[in-house]
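First to last, the protein sequences are chains A and B. Going by my numbering, the first sequence opens with residue 1, and the numbers climb by one from there. Going by my numbering, the second sequence opens with residue 1, and the numbers climb by one from there.
The set of hints was computed from the structure by calculation and includes no laboratory data. Any given hint could be a false lead.
Just a few of them, taken from the derived set where beta-carbon distance is under 8 Å, the chain A residues facing chain B [said to hold, decoys possible]:
#, residue
1, 58
2, 77
3, 79
4, 80
5, 83
6, 84
7, 86
8, 100
9, 110
10, 113
Quick list of simulated restraints, FRET-style, between CB atoms [stated by the list, open to error]:
#, chain 1, residue 1, chain 2, residue 2, range
11, B, 263, A, 101, 36 to 42 Å
12, B, 171, A, 119, 52 to 58 Å
13, B, 271, A, 22, 47 to 53 Å
Every residue, glycine too, gets a C-beta built ideally from N, C-alpha and C.
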Amino acid sequence: MRKDAPIISCFHLDVSDPTRKRKALDDVSIEVERGTWIEIVGPAGCGKTLLFSVLSLRAAPPKGTRLVVAGRNLDKMPVVEIADMRRLMGSACTRPILLDDRTVLENLVVPFVVRGEPQMALDACETLLETCDLMELRDVPVRELSHQERIAVGVLRAMVGRPAGIFIDSALDTLEQRLQKPLMTELKQCHLDGSAVVLMGYEYTENARRGRRFRMELGCLTEVETPVIVPAEISEVSEAGGAR
Amino acid sequence: MIQPAMHACRVYAWQTLAVVLAAAVALLLPGFVAFSAAAARDTAEGWLSSFNPVVYLSAGATPADIEALRVEMSEWSAVETVRVRKGADAVKDLETRLGVERVRELGVTASMMPSSFVLVPSSPVAGHIELVSEVSGLEARESVDSVSVPDATAVRILSILSLLGFIGGLLGVLGLAVFAVVISEYLIRLQRAEQAQNDVLLMFGAQGRSLRKASIVRGVILGLWSGGLATITLMVALAIWQSVMSAVLGGSASLVHAWPVAVMPLAFGPVIGVLAGFWVSTPERRSTDLVPRLLTAYGV
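Only chain A is shown next, with the shape it has when bound in the complex (with noise of 0.2 Å):
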């Protein structure tokens, strides 16, 4: 594993949809940097999902497709470390997979376990509650969350432990502003510590003026130039805490 390579590279993805008789992924390319914050907006059914799911390595590629993570080439990868790479990432979406049975914390610790950090996993997980105010949560079973309150907790799970890659698919637009703002404030700390954020959407965040902006459309994916930021626009951006 290269320390300075890009997290995840992704070359010519492409996915067919016969039901619609055109491709759900043409031809996407994209590189996701270390420390980079890179924003992807489209409409429903654009493919944001299916690109999510690649990257975050939540799903294989389809054949064909060369999918480099941290300067390794996946195709060529054994099982076994195909699965340590996804230790490198943390990913949520709008309907994420939590332990219903078990508490608020206990999902958060998860990510520690696997990667064989357990020491510090109970402090991290209650400085990460307590900075986004999600503290009364901390023992709550999660069936008993609410919908809005489920996604807040899988974007926390996805960020905990700092990982180097962090992909969120559209579980931010769908929060309320009391959950969104401190979850977007702990991305940018998170962003700030290394790690790479990679947001889609519908619409661009303010933070975009961070990083990199994509669009896509009809499963094309083009970057959109992102506006130079004056030192004064990017003081505002943290003090509104990320909120749109």
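With chain A held as given, fit chain B onto it using these hints.
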């Protein structure tokens, strides 16, 4: 927070119990057929092993004929010794079998009983078909009244028991297949119940083999429970059979074939459990909600 392998079995305790019973029955039914055949075969062979052919002499046999016959039979390779049984000895044997009172009631005396030769084979009579035929041939002689040897019926019964054993073997294979299906289906169900946990673990980089371990452990333990239950039942049946046969035949049967049949479920259960656990936990058979519909539909 990661639940141990047997947690799901505890959560679905009643279903687990039902599956263990069903799987035990799947092993037990063919086990009973094979076991009955093996136990009957053991008993029949045991009876044949202790069987000594008897040659009853006719009343008109002269001492010279008798001596000539004794010398002739002593020279047969399958015969170790030839014991002469006089009328008084025959009455004693009869009294042992029927009881003194019964023999007295029947009015049987030593003079009424014919003299006979008891042939003690060098090895059990079951392995000496030529001895059986040779003794049977003596019936044609004038000095011989009748003979007592296991006739063709005994051999026929043994061959029927062998066929029953073969059918038991086939049913055993079928039973193992049913056992494997019952265990596999339940393991798949438990795996589905833990799908969210498995998905989360995979998402954050758990190795596939660590997920497989849970199914394999469950397979072994369920196989062990079912196999153990079937074996205990067969052991009890075997003990009952042995005591009944001892009472009927007046000697203990060795049951060398029946004991291995009784312990087979205990051996097969965990082995099939491992294979079932391994099979159901392969990535192709593990359902997941991680992958979007489109990617799943095209198998990518």
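(message) Need the list of violated hint numbers for this structure, in ascending order.
(response) 2
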